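Asker: Relying on the hints, combine the two individually framed chains into one complex.
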Amino acid sequence: MASLHSTKFDRRTLLLGSLALGASSFVMTGCASGASDTGAAGGTVNWLTWSDHFSNDQLKKVAASSKITGGPKLFSDNADALLQIKQTGSQFDIVSGDALWVKKYRQEGLIDPFQMDEIAVSKELYSAARDFSFLKDPQGYLGYPFSWSSVQIYFNPKLVKTPPTSWESLTDPAYKGLIVAENIPTDLLAIGGIATGSKEPYALKGDGLSKASDFLKALKPNIIKLASQNNEIISMLASGEAAIGISNLGTDLRVKSAGGPQIEAAYPTEGTIGFIDAEMITSKGAHQKLVRPFLNAMETSEYIVENFKTNGRPLFNEKAANILLNDPKTAQDAKRLFMGNPEKALAMTLKGPAENQQSYTEAFNQIFGA
Amino acid sequence: MATLETATRVPDSETRPVNPRSGVARRERRNWRQYVGFTPAAIVFGIFFIAPLCLIVVYSFWQTKDYNLVPEFTTKNYETITTTDTYIKTLGKTILMALLATATTLAIAFPFCYWLVRYVPPRLQRVLFLLVILPFWTSYLLRVYAWVAILGDHGAINVLLKNLGLTDEPVRLFLYDTPGVFIVLVYLYFPFAALTLYSSLDRFDWSLLRAGVDLGASPMRSLVTILLPQMKLAMVTAGIFVFIPILGEYVAPEIVGGTNGVLMGNLIANFFKGYLLPLGSAASVLIALVILVLLVLFRKGLDTKDIYGS
Numbered sequence: 005m006a007s008l009h010s011t012k013f014d015r016r017t018l019l020l021g022s023l024a025l026g027a028s029s030f031v032m033t034g035c036a037s038g039a040s041d042t043g044a045a046g047g048t049v050n051w052l053t054w055s056d057h058f059s060n061d062q063l064k065k066v067a068a069s070s071k072i073t074g075g076p077k078l079f080s081d082n083a084d085a086l087l088q089i090k091q092t093g094s095q096f097d098i099v100s101g102d103a104l105w106v107k108k109y110r111q112e113g114l115i116d117p118f119q120m121d122e123i124a125v126s127k128e129l130y131s132a133a134r135d136f137s138f139l140k141d142p143q144g145y146l147g148y149p150f151s152w153s154s155v156q157i158y159f160n161p162k163l164v165k166t167p168p169t170s171w172e173s174l175t176d177p178a179y180k181g182l183i184v185a186e187n188i189p190t191d192l193l194a195i196g197g198i199a200t201g202s203k204e205p206y207a208l209k210g211d212g213l214s215k216a217s218d219f220l221k222a223l224k225p226n227i228i229k230l231a232s233q234n235n236e237i238i239s240m241l242a243s244g245e246a247a248i249g250i251s252n253l254g255t256d257l258r259v260k261s262a263g264g265p266q267i268e269a270a271y272p273t274e275g276t277i278g279f280i281d282a283e284m285i286t287s288k289g290a291h292q293k294l295v296r297p298f299l300n301a302m303e304t305s306e307y308i309v310e311n312f313k314t315n316g317r318p319l320f321n322e323k324a325a326n327i328l329l330n331d332p333k334t335a336q337d338a339k340r341l342f343m344g345n346p347e348k349a350l351a352m353t354l355k356g357p358a359e360n361q362q363s364y365t366e367a368f369n370q371i372f373g374a
Numbered sequence: 003m004a005t006l007e008t009a010t011r012v013p014d015s016e017t018r019p020v021n022p023r024s025g026v027a028r029r030e031r032r033n034w035r036q037y038v039g040f041t042p043a044a045i046v047f048g049i050f051f052i053a054p055l056c057l058i059v060v061y062s063f064w065q066t067k068d069y070n071l072v073p074e075f076t077t078k079n080y081e082t083i084t085t086t087d088t089y090i091k092t093l094g095k096t097i098l099m100a101l102l103a104t105a106t107t108l109a110i111a112f113p114f115c116y117w118l119v120r121y122v123p124p125r126l127q128r129v130l131f132l133l134v135i136l137p138f139w140t141s142y143l144l145r146v147y148a149w150v151a152i153l154g155d156h157g158a159i160n161v162l163l164k165n166l167g168l169t170d171e172p173v174r175l176f177l178y179d180t181p182g183v184f185i186v187l188v189y190l191y192f193p194f195a196a197l198t199l200y201s202s203l204d205r206f207d208w209s210l211l212r213a214g215v216d217l218g219a220s221p222m223r224s225l226v227t228i229l230l231p232q233m234k235l236a237m238v239t240a241g242i243f244v245f246i247p248i249l250g251e252y253v254a255p256e257i258v259g260g261t262n263g264v265l266m267g268n269l270i271a272n273f274f275k276g277y278l279l280p281l282g283s284a285a286s287v288l289i290a291l292v293i294l295v296l297l298v299l300f301r302k303g304l305d306t307k308d309i310y311g312s
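Heads up: the sequence lines are chains A and B, in that order. Sequential numbering of the first sequence, starting at 5, is according to this note's numbering. Sequential numbering of the second sequence, starting at 3, is according to this note's numbering.
Chain B with its partners taken away, still in its complex shape (with noise of 0.2 Å):
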């Protein structure tokens, strides 16, 4: 009966009145004051990243007559970006661009940072991977311009063709093009890829692919089956940091794209350039889309659950 007393018992603290000075009012105090130190970012999430997505959202809606924004509701504008050929077309490709590219990405990246954590003594490392992460203490758009210079005409790379007396007159090697945008997005997004997957690494418990191949596993079958999974959670966190600033893309392919290397975003500034920001902003809410359906998908990467399988 004693454990039925105590279930229907109302709890002390409801019943009386809160002395100010008890524990249970100095935890309550507590728990408010933890939220403060969120109040910073709240503000500024909220005036740079909430309120400008609420007002894309509502431009979206609405219409442009004679260079005026006028707030009559239609959805005309998504039946436009999600009807015409060319921006569907164009849509696909920035996604296919954005999936290819952290593909890639990856794929260079997990190497490096797995070379880099097993076989290169600490210090030597260090060293390294301040070059990995150099290109991030100069412009972006100097970084962009820089294959412009490696490219193009009178670049690098015709100049060791010229020397090697390969070529006689400049070979235009993808710049201005499709595959010239997807060399500078894995050149440019590799840093945020290896960053992640090094410090996951770098963390990880070699004695694990030891114990896996003591136990008659070969070392191909350790790292698939041990080190793989626990890194499931890095790769996915990589792949989310290279795939998302790649779907809005709009300076790399203006600079080495040419006109076959378009991607949504250089429509979406044509859009707001000429005043249809109904239409930019449209376009703009389908890849936020895009971009939250694989967060929700990813979802099931993040979750640490999967990893230890418990």
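So here's chain A without its partners, still in its complex pose (with noise of 0.2 Å):
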């Protein structure tokens, strides 16, 4: 038997040998990337979305029934969501997006028109979401209306002696490394901005800029982390690290199912911001034959009051909304959730854009920076 040391190998055939398994592995790669679209009447969708739209057994149970497997990535910004729509063309064929970001996604031409019909499902939507006014456009639909929420302020009442009350009460010294909020730029720019009286927190300039600037530098030290996804907030709540969060509707209810302690919410006197999230179909999308069946897949009632119980903010599906409120171990929730209450979504001040985010970006950074 030849031992390794007695074997020669000369030059040209570790070259050649180089070159196969190079070649050979390349090879692999491709057909392990395309056999994701090569299944008889389904594939693959590519979503790019949050942590909340979907659960791993809801994508699991879909690919078996509809042949169809939904590829999430994750994003937090949508201003990172957009970018990566841009530079990825077909990439994406599915991407989540807040409000007013729709309408952007279309200016840009970066997502496709659709009929709302051509989503069976839609039909359980409530009537109130198929006709908000940013998911349309003359050609058809932008977006597939899925939930909505207000962002305010969450704290453990064991952990803090005065509750906060308003925006402004959370610079407080008293909160010193107690409170954490996503790392979204623009949201806490607005939420600056909506603190120091501004009308439009999208919309910052100058003076307003500035002032939401000196409410975020006050707020920094009281800020233990911006996290990356929402359901880092959750966590740290969860485990006491944080004791106040500035998240989504349902943070209770998450916090609790993650075994964590009783919390509290306060809406700031101020007013707040919020979001009513909208899947959109991608323009340049690889699969998107594949992306309406894959949708009145994913959207159905069995799937969004799943959703609820683990996310608990509202969502606009009605048949949904009928099963959890009728239900007497959901209905309570349900009901304080406003979960038949889709009209408040359009109270709060809509996210979007920012008309200058080249300054919110700078202005943030510079309070973050060292």
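In case anyone wonders, no lab produced these hints; they're calculated from the structure. A quick note: this is a predicted structure, and the numbers were derived from the prediction, not measured. No residue lacks a Cβ here, since even glycine has one placed at the ideal position from N, Cα and C. Where hints are given, some of them may not hold.
A short, non-exhaustive set of chain B residues, derived as facing chain A with CB atoms under 7 Å [as the list claims (entries may be wrong)]:
no. : residue
1   : THR261
2   : LYS275
3   : LEU278
Chain A stretches covered by chain B per the calculated footprint, using a threshold of three residues with CB under 8 Å from any CB of chain B [unchecked claim]:
no. : segment
4   : 71-85
5   : 229-240
6   : 352-363
Answerer: Listed below in structure tokens is the structure:
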């Protein structure tokens, strides 16, 4: 038997061997990536979204029933998602976006309009949700409405002696190192705008932007961490690492189901921002044929009910709302979290792109830099 | 005269047609062929390193208007980064953090490797060294998150302090602050330094130290005058392996740094997230320039003539 030491490799053999190895791994990688789209009727839909728009269990069930596998990739900031869609072209088929961002995607030519009737399950939506003007244009619908929430303050009463009541109150030095918020520069500055009296928090300029920046500077020592995803806020509130969270409706339920303490909500006296999010169909997606059947499978009331139970913020599926409101186990939470009141979604300052994104990002970086 | 004749003679290969079967032709073919092996690396580096780098440099001179990249030349991005107090401070903090973490990593890795090579039996050496490189087998993210579990309110240190009766409430030690980032960076990059130093120390001729002592030098003097100069190359290489990645670190400060532990990488990420590609690119190019300057300074340390004195 020839030992390794007695085996001789000349340069030619080694080079040819390396080339063969490299070529075979390249081909195999290609086969692996292509394999997702070679199923008889199915394939993979690539989806740029938030973690609360799906569950792994739901994706498995949908894949089993429709032969379409959802391939989610997470993002936190709408601006970040817009950038990814612009740069990746055909790689994503669906992208999630908040309220006024949907129009921005359309202006940039990144999404295609669709007819709501093409997605049969849309019959389960509240009629109010089908009428949101920012989700429509003359060619059809721009986004399939999914969920909504205002952004408010949640606090752990055992760790916070004086409950916060307003955005301004969060700058109290007593809250030093106790607050966790999501790392979304535009929205945090918009909150700063609302805290300092602006009526147009996504169009801050000059003095308004300075005031919002000053608010965030005062808030900075109290923020322990800027979380990259909302579920990080939940885990920090659940573990007690943070005592106050700036977060969406239903955070209290999610903290509790994560084994955390009872936390309470405070609706800021100055008002707040909020989102109405939707699923959009990208115009260059490589698997567009699969998008409508995929959404049809994903958005059924069965899964929306489960989504509410897990994430605890209102969704626009009326059939699911009725199931939840009529079930004694879930009725109280569904009512408290406005599952039956989609019209309330329009009472908030809706999230959207900043008129001057450069000023917002620069102001944010100057506050949170060294 | 024979010398002059030889000097002015035109080489045969330039006057006569080259016989394809001649030794010269074979040598030339071989010379050309020896670069074929370089082609895969050149393609990979060209596509995944040189091209993106060029793109970043080009972007750094462009502008963004309403979420669109506009190819209009400007130097304003560089002006913004180099004249804004926060950016200068953050860049300075990042360089200082990289220097301190590199120095600390080397200061821990060198004695460890010295002890390993000098005093540990070879069989045990391999086991211990395996423990050093073991973290490489796990995910980078997992290694960083492990520190949240160690330093966190309910982490190992707080549990220990509570069980020892030293504290009643969790003590926030380092986590979500600059010291936390420092500790995690030293931990993450220790294996890079250890691998480099170990391979060098392993090949060191220890009889030289004994010779030094025989000639009257103290053990410490032998170490300083014989061992350390020969380790210079390894130290510089280890330093580069640790220092350069730390300058671009983004994930560790994001996870364990909180709002106080922000480094330049985090600001660059915010620029990119906010679609300010030119500003983010300018900041990235400046970091690359810092690295380039330091590499030029280190180049002397990489010159083997310095080590062997010839």
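Asker: The structure should be examined with respect to each hint, and the outcome stated for every one.
Answerer: Checked hints:
A least Cβ separation of about 5 Å between THR261 (chain B) and chain A falls short of the 7 Å threshold, and the interface hint therefore holds. Of the supplied interface hints, the one on LYS275 (chain B) holds, with its beta-carbon coming within about 4 Å of a beta-carbon of chain A, less than 7 Å. With 7 Å as the threshold, the beta carbon of LEU278 (chain B) comes within range of chain A, its nearest partner Cβ sitting at about 5 Å, so the hint holds. Three residues within the 8 Å Cβ limit are the bar, and the segment 71-85 of chain A against chain B gives 3, so the coverage statement holds.
Check on the segment 229-240 of chain A: 3 of its residues sit with their Cβ under 8 Å from a Cβ of chain B, so the three-residue criterion for coverage holds. Only residues whose beta carbon comes within less than 8 Å of a beta carbon in chain B count, and the segment 352-363 of chain A has 3; three or more means the coverage holds.
In summary, this structure violates none of the numbered hints.
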